[in-house]
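One line per chain: the protein sequences are A and B, in this order. So for the first sequence, the numbering used here puts the first residue at 1; every next one is plus one. So for the second sequence, the numbering used here puts the first residue at 276; every next one is plus one.
Just so you know, the hints here were simulated from the structure itself, not pulled from any lab data. Each hint can be trusted.
Below, simulated DMTMM-like cross-link-like pairs (lysine to aspartate or glutamate); rule was C-alpha separation at most 20 Å, straight line:
#	chain 1	residue 1	chain 2	residue 2
1	B	Lys512	A	Asp199
2	A	Lys237	B	Asp493
3	B	Lys512	A	Asp219
4	B	Lys512	A	Glu220
5	A	Lys237	B	Glu495
6	B	Lys512	A	Asp218
7	B	Lys445	B	Asp406
This is what each chain is made of:
Protein chains: 2
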Amino acid sequence: MTENVISGELKKDALDYTIDVFHRGRFQLVQPKKIGHRSGMDAMILAATIPDDASGKLADLGAGAGAAGLAVASRVENITVTLVEQSPVMLDFAHRSLALEANAAYHNRIEILGADVTLTGTARRTAGLADRSCNWVILNPPYNDASDRRPPDELRAQARAMSDSDVFEKWLRTACAILAPDGQVSVIARPGSIGLILDAFEGRFGATEITPVHPRPDDEALRILVTAIKHSRAALKICPPLVIHEGAGHQFSERMIALSNGLSELPRRPARKSK
Amino acid sequence: MTENVISGELKKDALDYTIDVFHRGRFQLVQPKKIGHRSGMDAMILAATIPDDASGKLADLGAGAGAAGLAVASRVENITVTLVEQSPVMLDFAHRSLALEANAAYHNRIEILGADVTLTGTARRTAGLADRSCNWVILNPPYNDASDRRPPDELRAQARAMSDSDVFEKWLRTACAILAPDGQVSVIARPGSIGLILDAFEGRFGATEITPVHPRPDDEALRILVTAIKHSRAALKICPPLVIHEGAGHQFSERMIALSNGLSELPRRPARKSK
Numbered sequence: 001m002t003e004n005v006i007s008g009e010l011k012k013d014a015l016d017y018t019i020d021v022f023h024r025g026r027f028q029l030v031q032p033k034k035i036g037h038r039s040g041m042d043a044m045i046l047a048a049t050i051p052d053d054a055s056g057k058l059a060d061l062g063a064g065a066g067a068a069g070l071a072v073a074s075r076v077e078n079i080t081v082t083l084v085e086q087s088p089v090m091l092d093f094a095h096r097s098l099a100l101e102a103n104a105a106y107h108n109r110i111e112i113l114g115a116d117v118t119l120t121g122t123a124r125r126t127a128g129l130a131d132r133s134c135n136w137v138i139l140n141p142p143y144n145d146a147s148d149r150r151p152p153d154e155l156r157a158q159a160r161a162m163s164d165s166d167v168f169e170k171w172l173r174t175a176c177a178i179l180a181p182d183g184q185v186s187v188i189a190r191p192g193s194i195g196l197i198l199d200a201f202e203g204r205f206g207a208t209e210i211t212p213v214h215p216r217p218d219d220e221a222l223r224i225l226v227t228a229i230k231h232s233r234a235a236l237k238i239c240p241p242l243v244i245h246e247g248a249g250h251q252f253s254e255r256m257i258a259l260s261n262g263l264s265e266l267p268r269r270p271a272r273k274s275k
Numbered sequence: 276m277t278e279n280v281i282s283g284e285l286k287k288d289a290l291d292y293t294i295d296v297f298h299r300g301r302f303q304l305v306q307p308k309k310i311g312h313r314s315g316m317d318a319m320i321l322a323a324t325i326p327d328d329a330s331g332k333l334a335d336l337g338a339g340a341g342a343a344g345l346a347v348a349s350r351v352e353n354i355t356v357t358l359v360e361q362s363p364v365m366l367d368f369a370h371r372s373l374a375l376e377a378n379a380a381y382h383n384r385i386e387i388l389g390a391d392v393t394l395t396g397t398a399r400r401t402a403g404l405a406d407r408s409c410n411w412v413i414l415n416p417p418y419n420d421a422s423d424r425r426p427p428d429e430l431r432a433q434a435r436a437m438s439d440s441d442v443f444e445k446w447l448r449t450a451c452a453i454l455a456p457d458g459q460v461s462v463i464a465r466p467g468s469i470g471l472i473l474d475a476f477e478g479r480f481g482a483t484e485i486t487p488v489h490p491r492p493d494d495e496a497l498r499i500l501v502t503a504i505k506h507s508r509a510a511l512k513i514c515p516p517l518v519i520h521e522g523a524g525h526q527f528s529e530r531m532i533a534l535s536n537g538l539s540e541l542p543r544r545p546a547r548k549s550k
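Whenever a hint applies, use it, and build me the whole structure from the sequences.
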């Protein structure tokens with residue numbers, strides 16, 4: 001299968017892959033070494049938004065090699081996962097990840113769907129993204145940034161070709177369409193995308209909860225983790241921050257260690273007792 | 276002067292006022308006891324966004340009795356302040372506050388302007404809000420909320436009559452108009468207003484910095500403190516949170532004690548070293 005989708009320039013690099021161990025060995029991931037998007041912390045934090053006791057169907061939009069979706073499947077036993085990815089190269093890595101003996105436990109709970117997340121209407125349904133078919137959607141969309149270094153390869157350039165506002169508008173439109181009533185969407189993004197995300201939520205999602213993710217307690221946030229409920233009208237909340245490192249060195253905080261190893265959840269806040 | 280503006284129902288309540296001491300005695304405030312908006316923590320946090328070494332002219336839009344503007348004048352020696360307020364009753368309290376012997380030190384640096392913040396164009400200029408005349412604008416706009424208790428009095432009802440989106444759009448339009456190039460706006464608001472504020476910033480303000488204000492470390496934010504620079508195109512930042520209480524009781528955090536007593540600033544973040 002690899003030979004069919006990897007050609008020319010990409011072939012040499014794409015074959016240069018790593019197999020990375022996540023969740024203390026509970027799943028593994030085949031990832032390209034030098035091209036595309038390599039998964040790590042963002043995917044683990046995103047996956048943590050699905051509660052331990054969740055059930056039903058989850059779609060991981062723009063799944064890449066499958067890190068976030070596998071992380072959910074690894075921790076949450078009663079959930080089935082669809083990895084949705086457009087790039088043939090990354091789809092191939094998702095297939096290779098899922099085929100690993102180490103991931104055998106998830107074979108009957110994870111499927112891979114090659115589809116363009118930005119499709120609409122009949123085209124979207126025909127591609128396999130059925131209306132109201134999911135209970136959970138997680139997404140970690142590609143992004144542009146003038147201040148980022150130029151993407152060093154074709155694949156990343158392609159992933160970042162859409163403008164940020166297009167990405168959030170189109171991906172969240174699909175997230176809303178495929179979610180069942182009261183379904184939850186989870187997004188990890190950069191803080192600068194907050195306005196675009198809230199604009200794309202308009203008329204689609206409410207009960208928004210924003211958790212800023214700071215490298216250290218005194219740093220600015222590097223990411224925001226955003227969850228929301230389809231068609232809810234409840235007010236937006238800003239949650240206590242998640243801090244990645246503690247101490248002077250590169251050591252992770254205890255909370256981050258637990259989250260990134262699939263040992264704890266980062267669920268939505270309980271409703272206030274008095275209103 | 277009091278007799279002219281207070282009549283009927285309001286008169287009895289409005290005469291029931293308190294004189295509150297702020298900044299460990301460095302200024303005092305005459306406030307209505309039972310009507311209108313009573314100032315406290317929000318005004319002190321808002322004022323803290325003006326750096327110790329700031330100079331030039333500041334406008335406090337919707338100043339009420341003058342708490343935030345007086346707090347800036349008390350800590351920042353090289354700044355002149357215009358308290359802008361539409362309500363005749365609250366304007367009267369601002370005049371009474373400024374007339375206090377305890378506030379004599381600020382008489383030559385504070386002026387009071389009776390004007391509607393939502394005016395535009397010639398009407399706004401005629402009312403005394405000149406284009407590009409300020410270096411700093413602070414605002415703590417009135418708000419509506421379906422979940423709030425109904426306003427128990429006429430004055431508060433009036434202050435909250437506009438929709439939230441109208442308030443932010445109109446007040447921030449005026450803030451942009453009266454700020455000089457590179458001028459700073461500071462807003463304190465509820466977290467749910469973040470989308471409206473960012474929408475109203477569009478085309479007007481950038482380099483937005485959001486500081487969530489949490490009652491305790493594990494609580495959701497109760498307020499957001501937002502600063503931005505006129506016509507900047509720099510990216511949005513989410514800053515480390517400000518936590519009001521520490522320990523089990525109602526004790527303030529050390530940082531909050533310093534801020535609310537005008538002993539320290541809460542300035543914008545320095546630019547990153549490497550970009």
